[in-house]
Structure formats: C-alpha cells, structure tokens
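Protein sequence lines correspond, in order, to chains A and B. One point on numbering: in our numbering, the residue at position 204 of the first sequence is 204, and numbering is uninterrupted. One point on numbering: in our numbering, the residue at position 155 of the second sequence is 155, and numbering is uninterrupted.
Hints may be right or wrong, so weigh each one.
Unchecked claim - Chain B regions said to be covered by chain A (calculated; three or more residues, Cβ under 8 Å):
#, region
1, 118–129
2, 159–165
As the list claims (entries may be wrong) - Derived coverage of chain B by chain A (criterion: at least 3 residues anywhere in the stretch with Cβ under 8 Å from a Cβ of chain A; other residues may be distant):
#, region
3, 82–89
4, 143–152
5, 198–210
Said to hold, decoys possible - To give a feel for the contact side, a few chain A residues facing chain B, derived at Cβ under 8 Å:
#, residue
6, A105
7, H106
8, G152
9, R161
10, G162
11, F227
Keep in mind that the hints were calculated from the coordinates and are not lab data. Just so it is clear, CB atoms sit at the ideal spot from N, CA and C, and this is done for glycine as well.
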Amino acid sequence: MTGPAFRDIDRDDALGEAVERLYGCTRAGLLRRAAFGGAAALLATLARPAAAPAAITDVEVLRFGLRFEQLQATFYTQAEELGTIGAMPPAERRWAQTLGAHERAHVKIIKEVLGPKAEPAPAFDFGEANETPAAFTRTAVAMEDLTVALLGGVTPRVQDRGLTAALLGLLTVEARHAAWARHIAGADPAPRPEDEPMALADVQAAVDRTHFVVERPRMGGRAAPPFTG
Amino acid sequence: MRRWPVPAALATAAVVALAAGSAGSGGPADRDGPRAAAALPAPVTPAFTPGPPVALAAGRHVSRWAVVRRPATARSAPDPSAAVVARLGVRTPEGTPNPVAVVARRTGADGRPWVRVRLAILPNGSTGWVPRTALGGYNAVRTQLHVDLRRLRATLTRSGRTVLRVPVAVGAPGWDTPPGTFYVRNRLSRYRSPAYGPVAFGTSARSPTATDWPAGGFVGIHGTDRPDLVPGRVSHGCIRMRNADIRALARLMPVGTPVVIA
C-alpha cells in the first residue's frame with residue numbers, strides 16, 4: 001500500500017486531489033508516458049521556458065506558512081481536546097501528541113518572527129475530519145504530505161539565506177512527520193524517491209477547497225433586544 | 001535547535017575528508033582533500049529556531065460551542081430514527097447565527113459522528129443530538145458567568161479566576177429568573193432601546209412564565225435606564241446590570257460563554 005484512500009479525508013476531497021497530484025501524476029510519470037508516445041510533444045513542452053514565477057516577499061511566505069501551521073496546530077489541538085487522540089492506541093497517541101506539540105511550536109516561532117506583521121488566526125471548521133481516529137489519521141497524512149510539498153516549493157523562493165536555512169529545518173521535520181503519519185496509517189512512509197514541490201498558489205487552492213478555513217461567525221447584531229427585560 | 005554544534009561540524013568534515021581520501025587513486029587532488037573539506041563554508045545560520053514542543057494547555061475550563069450550519073433536527077439519541085426533541089434553524093430570532101453549546105460527542109447508530117448540544121428551548125436544560133455535519137467549526141471559550149440569585153451578583157471567571165464581579169437585578173416574584181446552566185447566544189448593541197442599556201447579551205435561558213413575550217421569552221443580560229433598581233428583584237426574568245458594568249462585561253465575555261444561574 002503506497003497511501004491511504006484520500007477520497008474521504010476532507011470535504012470535496014481537496015487535500016486528496018492535491019496529494020494525488022503529487023504522488024499520482026508526477027513529472028517522472030509524464031516522462032514514462034512520453035517514452036511510449038508523444039515524445040515530440042513532450043520535448044516541445046519541456047523546451048518551453050517556464051512562466052516567470054510571481055514575485056513573493058519573504059514576509060508573504062512567512063504569513064502563509066503561519067496560516068498553514070495554524071491550520072495544522074488547530075487540527076491536532078482540537079483532536080486532542082475533543083478526546084479523539086485519547087481514544088487512540090498508545091503508539092498512535094504519542095505520534096499525534098508529538099506532531100501537535102511540534103506544530104504549536106512552529107506557530108509560536110513564526111508569530112514571533114513576524115511580530116506585528118503576523119495576522120490573527122482565522123477560524124477553522126474541520127467537520128468530521130478530526131472526530132474519529134480513522135478520519136483524523138487519514139487527514140493528518142494528507143496535511144503532512146502537503147506541508148512537505150509546500151515547504152519544498154516555497155523554500156527556494158525565499159530571498160534571505162538565514163530564512164531559507166530555517167525553513168529547511170522545518171521541512172525536514174515535516175518530512176519526518178509525513179513519514180511517521182504514513183507509517184501510522186499503514187501506508188508506505190517513503191512512496192517515491194523524491195518529493196515534488198508545490199507552488200504556494202496551488203497549496204492555497206487545495207486548502208481553500210477543503211473549506212477547513214472559514215469566516216469567523218459574526219455573533220453580534222443591532223436588532224432591538226426581544227428579551228424579557 | 002538546528003545549529004550545528006562544533007563537534008558535529010568537525011565530524012562531518014572528517015567524513016567528507018575520509019570519503020575523498022578513500023575513493024580516489026592517490027593523486028595530488030586526493031592529498032588536497034582534507035584541506036579542501038576544511039575550507040568548506042559553515043552551514044548558514046537559520047534565521048530562527050523553534051523552541052521546545054508546546055504542550056497542550058490545561059483544558060479544565062474550556063467550553064465549546066458551534067453555530068448551526070444547516071437546519072437540523074435535534075434527537076433524543078445519536079440515531080437518525082430517534083425521537084425528535086427540537087428543530088434547529090441557522091439564525092436566532094435576533095438574526096444572528098444560531099449557536100449551540102457542545103456537551104458530548106459520540107459515533108451514532110449510522111456510524112457517523114453526532115454531537116449532544118444544549119438547546120434553547122423549554123423546558124430549560126434540554127439537550128439533543130445532532131449530526132456533526134449540521135454544525136460549523138468548534139469554538140472554545142475559557143470564561144464562565146455565575147449569576148447568584150440569592151446574593152444578586154454576577155461573577156465572570158476566566159480559566160477559573162474571577163475577572164469581574166458586579167451587582168445585578170433579577171426576576172421579580174412570579175417572573176423568576178430560571179436557574180440552570182445556559183450559554184450566551186449573541187451580543188446586541190447600537191439599538192434604540194434605553195431600557196436595555198448599551199449592550200444586551202441573549203442567552204439560551206427561557207422564562208417559563210413569559211412565554212408569550214416576543215421571540216418566546218428569552219432571558220437576556222443587559223444594561224438598564226433604571227440603575228437605581230440594581231441590585232434588586234424587579235425584572236421579568238432578565239438579568240440587569242448598571243451600564244458601566246454591562247460595558248465591562250461586553251469587553252470580557254465572548255459569545256458561547258456558559259451561564260450558570262443558581
């Protein structure tokens with residue numbers, strides 16, 4: 001088994017789609033297909049200069065990283081507070097608690113680095129994704145795989161070398177998380193000889209499609225109070 | 001965390017040097033190997049290093065709530081065929097999103113997660129089970145408001161510590177403020193009703209006597225244009241505070257806060 005069935009991980013299967021793009025349709029796969037036909041077309045594709053990447057500042061990278069880490073940290077924290085993690089066997093519980101503690105540490109440090117440029121945390125709605133150990137584990141695998149792809153994609157775009165070094169430190173830890181999560185899920189911890197990077201915009205689109213990030217409900221109003229007085 | 005300690009860097013340099021020395025044919029380039037390795041630049045210092053893993057904060061005083069995301073039927077058990085307790089809409093009578101306090105979770109008879117929630121219906125204290133999919137994301141609060149009907153005072157705590165204590169007026173005899181555990185449903189302001197002061201919180205408590213009141217007789221927590229009656233037993237069931245106190249409460253008490261009236 002190379003990976004869990006991602007279809008039922010999240011609403012609209014957004015993370016699943018993203019991860020399947022990573023592990024199901026890779027550049028290597030493209031090359032293999034080309035070997036059996038359409039080589040000329042492939043060569044033409046590869047020969048085209050890549051579109052110039054949109055300029056992105058280091059602060060923007062960190063802000064997106066913070067939001068993504070907040071997504072993960074809240075996912076693990078909520079699962080622990082709800083008792084989902086407590087219902088898991090000891091080895092799985094240790095895995096989930098460790099990852100939660102790491103993600104919270106990542107949130108803390110990125111917020112500190114951004115300082116006043118850090119944006120407030122959005123609201124999250126994980127639906128059923130962290131309600132049961134099985135759903136939680138499958139979603140965690142997809143999230144960690146996606147994080148590795150995200151960091152692989154944005155780290156080379158960062159201007160500051162010290163920041164690049166710091167993000168590499170996070171990337172390697174997230175890769176360990178992904179492998180550990182896959183092992184817990186009964187999936188191949190290292191299904192491919194390489195991890196494919198993902199553009200920040202693609203990760204953003206995948207996260208958007210999960211609907212995990214939601215607008216905070218506005219619980220205030222201006223209606224005349226109809227209360228008993 | 002990720003800074004290379006000096007011994008590790010030296011060890012790495014040694015490994016590189018050994019590899020260079022053993023893989024070559026013994027020519028001049030190989031003799032330069034150790035020196036070349038030593039001349040390699042040190043790793044770039046990371047701009048930041050995360051601290052230690054952050055343990056989960058104590059959850060003793062955490063309460064959860066969620067808004068009703070789609071119209072749902074609350075049932076007596078986590079089972080689609082269980083008896084109907086109430087029907088939940090997505091809006092309160094005041095037009096705000098309709099929140100419910102989360103009491104418990106369980107996998108239902110249909111194999112899906114269900115959530116037991118407090119209901120803003122009579123009799124007070126009613127709960128019901130709704131499918132998890134009917135609710136939005138969980139929100140957490142660490143505050144709790146205690147209303148002491150005997151001493152006529154309200155105490156707000158955060159994480160178990162008192163942050164505000166103010167005098168209140170409660171229901172007059174025959175219009176008693178109902179005892180029980182409830183929650184704050186919304187926060188109204190900038191309306192033109194001086195009798196309610198500058199801010200009014202809606203709660204899930206219902207007056208068992210004022211049932212023909214507009215919207216069904218919900219108990220509110222609000223300010224007043226008669227501060228001289230606070231503290232006292234003068235209302236139709238609502239909890240009144242002086243306007244300065246309700247303003248202070250509005251700064252400290254989020255929607256979803258449990259309200260214990262005793």
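Does the region 82–89 of chain B contain three or more residues whose Cβ lies closer than 8 Å to a Cβ of chain A?
The restraint on the region 82–89 of chain B is violated, since only 0 of its residues have a Cβ under 8 Å from chain A and three are required.
Chain B contact restraint for A105 of chain A - C-beta distance below 8 Å
Check passed: Cβ of A105 of chain A comes within 4 Å of chain B, closer than 8 Å.
Min Cβ distance, F227 of chain A to chain B: is it shorter than 8 Å?
OK, holds: F227 of chain A within 8 Å of chain B, min 3 Å.
Confirm or reject the coverage of the region 143–152 of chain B by chain A under the rule of 3 or more residues with a beta carbon closer than 8 Å to the chain's beta carbons.
violated (count 0)
Residue count check for the region 159–165 of chain B against chain A: does it reach three with CB-CB under 8 Å?
violated (count 0)
Once the shortest beta carbon distance from H106 of chain A to chain B is found, is it less than 8 Å?
6 Å, holds
Grab the minimum C-beta distance from G162 of chain A to chain B and call the hint holds if it beats 8 Å, violated otherwise.
4 Å, holds
With 8 Å as the cut and Cβ atoms as the points, is R161 of chain A at the interface with chain B?
5 Å, holds
Interface hint for G152 of chain A, Cβ within 8 Å of any Cβ on chain B:
17 Å, violated
At a Cβ distance under 8 Å, does chain A reach at least three residues of the region 118–129 of chain B?
Result for this restraint: violated, n = 0.
Per the coverage rule (Cβ-Cβ under 8 Å, at least three residues), is the region 198–210 of chain B covered by chain A?
holds (count 4)
This entry does not satisfy hints 1, 2, 3, 4 and 8, going by the numbered hints stated previously.
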